[in-house]
Amino acid sequence: MAAEGASANGTTPGERHAIGISFGNSNSSIAYTTNEDKAEVIANEDGDRQIPSILSYVDGEEYNGQQAKQQLIRNSKNTVAYFRDFLGQNFKSIDPTHCHASAHPKEHDGTIAFIIQDKEEGGPSVVTISEVATRQLKRLAQSASDFTGKQVNSAVITVPTNFSEKQKAALTKAANDAGLEVLQLISEPIASLLAYDARLEAKVADKIVVVADLGGTRSDVAVIASRGGMYTILATAHDYEYAGVQLDKVLQDHFAKEFIKWNTTDPRENARSLAKLKLEAEATKKALSIGTNANFSVESLAEGIDFASTINRLRYETIARKVFDGFNRLIEGVVKKAGLDVLEIDEVILSGGTSHTPKIASNMSAIFPPTTTILAPSTTPTAINPAELQARGAALQASLIQEYEKEDIEQSTHPAVTTVKHLTNAIGVMTITGDSDKGLFTPIIAAETAVPARRTIHIATPKEGGDVLIKIVEGGSHIKVSKPEPKTKTNGEKSKGEDGSDDSDEDDSDDGPEDVREKVWKVGNVLAEAAIKGVKKGGKIEVMINVAGDLAVTVTCREVGGKGGVRGNLAAP
Amino acid sequence: MATHTQVNLPLPVLPETWSGEKDFKAIGKLSAATQRSIEPVGPHFLAHARRARHKRTFSEDDR
Ligand SMILES: Nc1ncnc2c1ncn2[C@@H]1O[C@H](COP(=O)(O)OP(=O)(O)OP(=O)(O)O)[C@@H](O)[C@H]1O
Ligand SMILES: [Mg+2]
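First to last, the sequence lines map onto chains A and B.
According to our numbering, the residues represented by the first sequence are 2 to 574, in order.
According to our numbering, the residues represented by the second sequence are 26 to 88, in order.
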C-alpha cells in the first residue's frame with residue numbers, strides 16, 4: 002500500500018488528511034473532526050470504536066481488532082496482543098505478563114520481536130515490535146481512510162506521560178513506516194482534558210483537574226493546572242497492578258470456582274478454557290457497567306461442558322473491592338504528590354474503558370468534596386464516553402495544527418516556548434466583609450498560572466461609592482482543620498453506636514464527628530496599592546493584572562464605564 | 026471573552042491619610058516563580074506560542 006505521495010516527514014499542509022489516534026495496549030481508537038470542528042470517533046469495518054490492539058494471522062491472512070481478539074481462543078500463538086508499551090524498550094525492561102496467552106515477546110537483535118506464522122507458505126517469521134506497531138497503525142489509518150473517503154496521511158497520537166524519548170521515537174518511526182506523518186505526540190490526560198474543554202458549553206476557567214485514565218493493563222493519573230485554557234501537569238502516577246484485566250480476573254476466578262463446584266476440572270488449567278473464561282468475564286464486566294445483573298455463559302467451557310450463570314452488581318463490587326481500593330489509593334496519592342488537598346480539586350475526569358464502571362465514579366464522589374465535579378457516565382449524564390476522550394482530543398489537536406508547517410509545529414513545541422515561569426502564589430485584591438475591618442483575599446490570578454498571564458475582574462464598591470483603596474497582594478491557600486462545635490445531644494446518638502445496633506460507616510465513629518476541613522486564604526506579600534476616587538453610587542471597579550514573562554507586573558484599575566483610571570508597574574523581582 | 030469574574034464583596038474605603046503618586050504606590054515584588062512546562066496542546070497554547078514567537082504582548086495580540 003503506497004501512501005500516495007505522503008513523504009513521512011513533512012507532508013505539505015495543504016495535502017494533509019489528519020486524524021487523532023489513541024493507541025493503547027488493550028485498544029486503539031481513531032477520530033476525525035467534522036466541518037463544524039466537532040471531534041467524532043470512527044467505527045472500523047466491524048463497527049467498533051474501541052478497536053482491540055491485536056493482530057492475528059490465519060493462513061497468511063491478517064486480522065485486527067475484535068476479530069483478532071477472538072483468535073486468542075484457537076490461534077493464540079499467531080496472535081500478537083498487549084504490545085504498545087514494548088515500543089522503544091529493551092527486552093530486559095519489559096513486563097511480558099499480559100502476553101502469556103498470546104505470542105510471546107522475544108529478544109531479537111537488540112530489540113523485541115514476535116515469532117509468528119504470518120504467511121501462508123514457509124516457516125514462521127520474526128516480526129519486530131516496530132513492524133507490529135506499523136501494521137496496527139496501518140490498519141487504523143486504513144479504517145479512517147475508508148470512513149472519510151480520503152487517504153489519511155498524518156496524525157496526532159496520544160502517549161502516556163511517562164513515555165520516554167526512545168519510546169516516542171520508536172512510535173514515530175512505526176507511524177512513519179505506516180505512511181503517517183506524526184504531526185505531534187500529545188499526552189493522554191491532556192488529550193482527555195482537551196476533549197472536554199472543546200465542548201461548546203465549556204467556559205475557559207482556572208481549575209485544577211485530576212485525569213484518571215483507567216485502562217486494561219495500566220492506570221495512569223495526572224493532576225493538571227488548567228489556567229486560561231493552558232495546561233501544566235503538576236504530578237503524575239502510574240500503576241500496573243490494578244487495571245481492567247484485574248477486574249476481569251476477579252470475575253474469571255468467581256465463575257471458575259462456581260464451575261468447579263459442579264464439575265471436576267478447573268477451567269483455568271487449560272489454555273483454551275482459560276481464554277474463553279477471560280473473554281466472557283470481560284463481557285460480563287462490561288454488562289455490569291450498565292445493568293445491575295449480568296449473565297456469564299460459555300459454550301463448552303471445559304471438557305465439553307456448557308456453563309451459564311449470573312452475577313449482580315453488588316456482588317461484583319464486593320468481590321472486586323481490592324481492585325477498586327487500588328484505584329482510590331492511586332488517585333488520592335497523586336493529589337498528595339502534587340502538594341494539594343482533595344478540597345482543591347475542581348474536576349475529576351474519568352477516562353479509559355474501565356472508567357465506565359459506576360462503582361469507580363461513586364468512590365470518587367466519596368473521596369472528593371461535593372464541590373468537585375466528577376466527569377463519568379454514571380455521575381454526569383452529559384459526560385463524554387471515557388473510552389473516546391483521548392482519540393477525540395487528538396483529533397481536535399490535529400485539526401488545530403494541520404495547517405501549520407512542520408517547522409512551525411516543532412518551534413512551538415520546543416522547550417524554549419513551553420518551559421516558562423509559573424506563579425507560586427495567587428495574586429489578588431483585598432475586599433471587606435460586612436462584620437469586621439479585616440480584609441478578605443479575593444484571587445485574580447491563580448497560583449500555578451504560567452506567565453505571561455493577564456486577568457481582569459470587576460469588584461463592587463461601598464454602597465455610597467466615594468474613594469476606594471485597591472490593595473494588591475499575594476495569597477496562599479491552605480487547609481484549615483477545625484473541630485466542629487460539640488453538639489449537646491450526642492449522648493443519645495453515641496449509645497446507639499456503642500451497642501452496635503447501628504454500625505454507621507467504616508471510619509471509627511467513636512471519636513465523635515469528623516473534623517471540619519476548609520480551604521482558606523492566607524494573605525502574603527503586599528504588592529501595590531492604588532486609589533480610585535469619586536466612584537459613583539453602585540459603581541464597580543475593574544482591576545486588570547498583567548504579569549510579564551519576567552514577573553514584572555502591570556496593574557490597571559478604573560471605574561467600569563468611567564474614564565481615566567490608575568496604572569502602575571512593579572519591577573521584575 | 027469580555028466576561029470578567031464578578032466580585033460582590035466591596036473594596037475598602039480609602040483611608041484619609043493615604044497618598045500615592047498618581048494614585049499608585051508600588052510596594053513589593055512577586056515571589057520567586059517555579060519553572061514548569063506547559064503542554065503544547067489546545068487553542069490557548071497556540072495563541073501563547075504565537076505571542077512568544079513574535080514577541081508580542083497580550084494587548085498587541087488583541088488588536
Ligand atoms: N463498559 C465497560 N465497563 C467496564 N470496563 C470496560 C468497559 N468498556 C471497556 N472496559 C475495560 O476497559 C479496559 C480497556 O481500556 P482502554 O480501552 O482505555 O484501554 P487501553 O488504554 O488500551 O489499555 P492499557 O491500559 O492496556 O494500555 C479493558 O479492561 C476493558 O474491559
Ligand atoms: Mg490507555
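Errors might be hidden in some of the hints.
A partial selection of chain B residues facing chain A, derived with a Cβ cut-off under 10 Å [stated by the list, open to error]: (1) T30; (2) V38; (3) P40; (4) G45; (5) F49; (6) G53; (7) S56; (8) T59; (9) V66; (10) G67; (11) S84; (12) R88.
Here are the computed lysine-lysine pairs in the DSSO-like style, where the Cα-Cα straight-line distance is at most 30 Å [to be verified]: (13) B:K47 / A:K464; (14) B:K47 / A:K537; (15) A:K338 / B:K80; (16) A:K208 / B:K80; (17) A:K258 / A:K277; (18) B:K54 / A:K538; (19) A:K167 / A:K538.
Simulated from the structure, these hints should not be mistaken for laboratory data.
Given the structure is predicted, the values throughout are model-derived calculations rather than measurements.
Ideal Cβ placement from N, Cα and C applies to all residues, glycine included.
How the hints compare with the structure:
no. : hint            : verdict
1   : T30             : holds (4 Å)
2   : V38             : holds (6 Å)
3   : P40             : holds (7 Å)
4   : G45             : holds (6 Å)
5   : F49             : holds (3 Å)
6   : G53             : holds (5 Å)
7   : S56             : holds (5 Å)
8   : T59             : holds (5 Å)
9   : V66             : holds (5 Å)
10  : G67             : holds (5 Å)
11  : S84             : holds (8 Å)
12  : R88             : violated (14 Å)
13  : B:K47 / A:K464  : holds (25 Å)
14  : B:K47 / A:K537  : holds (20 Å)
15  : A:K338 / B:K80  : violated (35 Å)
16  : A:K208 / B:K80  : holds (27 Å)
17  : A:K258 / A:K277 : holds (15 Å)
18  : B:K54 / A:K538  : violated (33 Å)
19  : A:K167 / A:K538 : violated (64 Å)
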